[in-house]
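**Q** Residue numbers (our numbering), protein chains in the order written: chain A, 2 to 55; chain B, 580 to 991.
It is worth saying that the hints were derived from the structure and are not from the lab.
Hints should not be assumed to be uniformly reliable.
[Claimed, not checked] On the chain B side, residues computed to face chain A include the following (Cβ under 7 Å):
1) Trp703
2) Ala705
3) Val707
4) Phe716
5) Cys720
6) Gly723
7) Pro743
8) Phe744
9) Arg747
10) Ile748
11) Asn751
12) Leu752
13) Ile755
14) Val758
15) Thr762
[Said to hold, decoys possible] Pairwise CB distance ranges, derived in the manner of DEER restraints:
16) A:Tyr45 with B:Leu900: 30 to 38 Å
17) B:Pro743 with A:Cys6: 38 to 46 Å
18) B:Lys590 with A:Cys6: 21 to 29 Å
19) A:Leu31 with B:Pro866: 45 to 53 Å
20) B:Leu623 with A:His15: 29 to 37 Å
21) A:Tyr35 with B:Val742: 14 to 22 Å
22) B:Lys590 with A:Tyr45: 36 to 44 Å
23) A:Phe7 with B:Pro743: 44 to 52 Å
Since this is a predicted model, take the numbers as computed values, not measurements.
Heads up, the beta-carbon is just placed ideally off N, CA and C, and yes, glycines get one too.
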Amino acid sequence: MFPFCFEWIWDMSHMVFMGGLWYALTIMGLGLTYCIGKAFYDTYMNKGKDDHHH
Amino acid sequence: MDSALIPKGVKRCPTWQFALWIGAAGAVLLWGVFAMLLCWFKGLNQTNMNDSYGFALWIWADLAVIALGGGAFFTGFLRYIVGKDELKNIINYAVLIGFICYSSALLILAIDIGQPLRGWFIFWHANVHSMLTEVAFCLTCYFGVLTIEYVPLILENRQIDKVPFFHRISHNLHEIMAVFAATGAFLSFFHQGSLGGVPGVLFGRPFAYREGLFIWPWTFFLYTWSAAACGPCFTILVTWITEKITKKKLVKQNVIELLAKISGWMIGTYIIAKIIDTWYWAKVTAPASGFNLMDFYSNNPFYGIWILILEIVICGVVPALILITEKGRKNPVMLMTGIILAVLGACVNRWVMVLQVMAVPVLTFESWAMYYPSWQEVATTILPVAYGVILISLSYRYLPVFPQEQELNPEV
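One chain only, chain A, in its complex shape:
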């Protein structure tokens, strides 16, 4: 639910619940975007191919 939906009310419950949901989704989205974007960039620039994470 977004604030522009007809069911939305500007009260604490909506802000906490929906704010928490969008906050968590934003962190996950930004994290994934960073990882995939950096992988694209590094592949294109041929950087970091020997990185190991163990």
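On the provided structure of chain A, position chain B as indicated by the hints.
**A** Just chain B now, kept in the frame of chain A:
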């Protein structure tokens, strides 16, 4: 046939043997899928749920797998936030088990809501006064986090890892895994708690109702605590079962003992809190509603006082004592006894807080409402077990799940 996909330096069973194993688990899976389709196409009349049991076997299974899947968030928290570096040797498996548990929970919920096509309503038409809404939000988000944590393991498959782009994604995900682990711990704290909050706020059900702190009943905190305590025990138990089936040592004993020790202290502190909570409930909260303790445990064919003793003493105090002491952890039989009892304890706790809550009569003219699941409910509850066996088998065969496997099995 599939040797090019198997991780380097480890040995796996022949393909025909693996296919037979997957086939057996697949047959059970199909049985569950058949029951699931019956529930979806014919409706919830396929179950033995009724006006007394709006929550039944599925919700118990849901709560139990979520509690046991808590090993993923707590092990991740210990590994990435607290910095227990030894746990890197079991974190992959904890994540895989958590992924299976949470995907199973979502699958069971998809069957339980009866109309899976309307599952998205809870996000779009959210009831922001319901703890279950918060559970649905956190559960879905945390499943997303677990997927993100599981993906690097898939990308480490021998053949996939050869593709530079996938190798880099895997590397980048590892680099910022602490962010995802912290997000997972945050989400888990709230949904584990809210699952406990659901029975705790039922003021019309004196067996479940608890007082608490602000809007959170004590069960909110007890559920989170018990999941963090017993979840790692389930990870250890599944690791042990995997070792027995594969006839290999997969994780060093010091790693298992460290996790068991942390679990032991968590169970110990949890069970003290649980005893205080039970005592206060029996002496103050329930009598204020006109009930005595024994009203909840007598005059019925199933729920005797034994279930309380089983939950708190046998599956609470005993495993805590075993896992806290070094002697208990060093003895393999004692260790596994403690681990199994702790896992059983979490399951019994969720059972009484879902099923016994529904069974206990509330009004003077009511009697105990007993419930027996239909075969469709049983089959759909076993379905996630078969799914879990298949996913674990595939992951074990093709992915480097156990970093210490090669070192521990040098003869291969």
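**Q** Decide, hint by hint, whether the structure agrees.
**A** Structure-based check of all given hints:
1. Trp703: holds (5 Å)
2. Ala705: Since the shortest Cβ distance to chain A is 6 Å, the answer is holds.
3. Val707: holds (4 Å)
4. Phe716: holds (5 Å)
5. Cys720: holds (4 Å)
6. Gly723: Holds - the Cβ of B:Gly723 comes within 7 Å of chain A, reaching about 6 Å at its closest.
7. Pro743: holds (5 Å)
8. Phe744: Hint on B:Phe744: holds, closest Cβ of chain A at ~5 Å, below 7 Å.
9. Arg747: holds (4 Å)
10. Ile748: Since the shortest Cβ distance to chain A is 4 Å, the answer is holds.
11. Asn751: Status holds, d = 4 Å.
12. Leu752: holds (5 Å)
13. Ile755: holds (6 Å)
14. Val758: With a closest approach of 6 Å, the B:Val758 hint holds.
15. Thr762: OK, holds: B:Thr762 within 7 Å of chain A, min 5 Å.
16. A:Tyr45 with B:Leu900: 30 to 38 Å: Taking Cβ atoms as reference, A:Tyr45 and B:Leu900 lie about 58 Å apart, which means the hint is violated.
17. B:Pro743 with A:Cys6: 38 to 46 Å: At roughly 43 Å between Cβ atoms, A:Cys6 and B:Pro743 fall inside 38 to 46 Å, so the hint holds.
18. B:Lys590 with A:Cys6: 21 to 29 Å: violated (56 Å)
19. A:Leu31 with B:Pro866: 45 to 53 Å: holds (52 Å)
20. B:Leu623 with A:His15: 29 to 37 Å: Check passed, 31 Å falls within 29 to 37 Å.
21. A:Tyr35 with B:Val742: 14 to 22 Å: For B:Val742 against A:Tyr35, whose Cβ atoms are near 20 Å apart, the range 14 to 22 Å holds.
22. B:Lys590 with A:Tyr45: 36 to 44 Å: holds (39 Å)
23. A:Phe7 with B:Pro743: 44 to 52 Å: With a Cβ separation near 48 Å, A:Phe7 and B:Pro743 satisfy 44 to 52 Å, so the hint holds.
In the structure shown, a violation is registered for the earlier hints numbered 16, 18, in ascending order.
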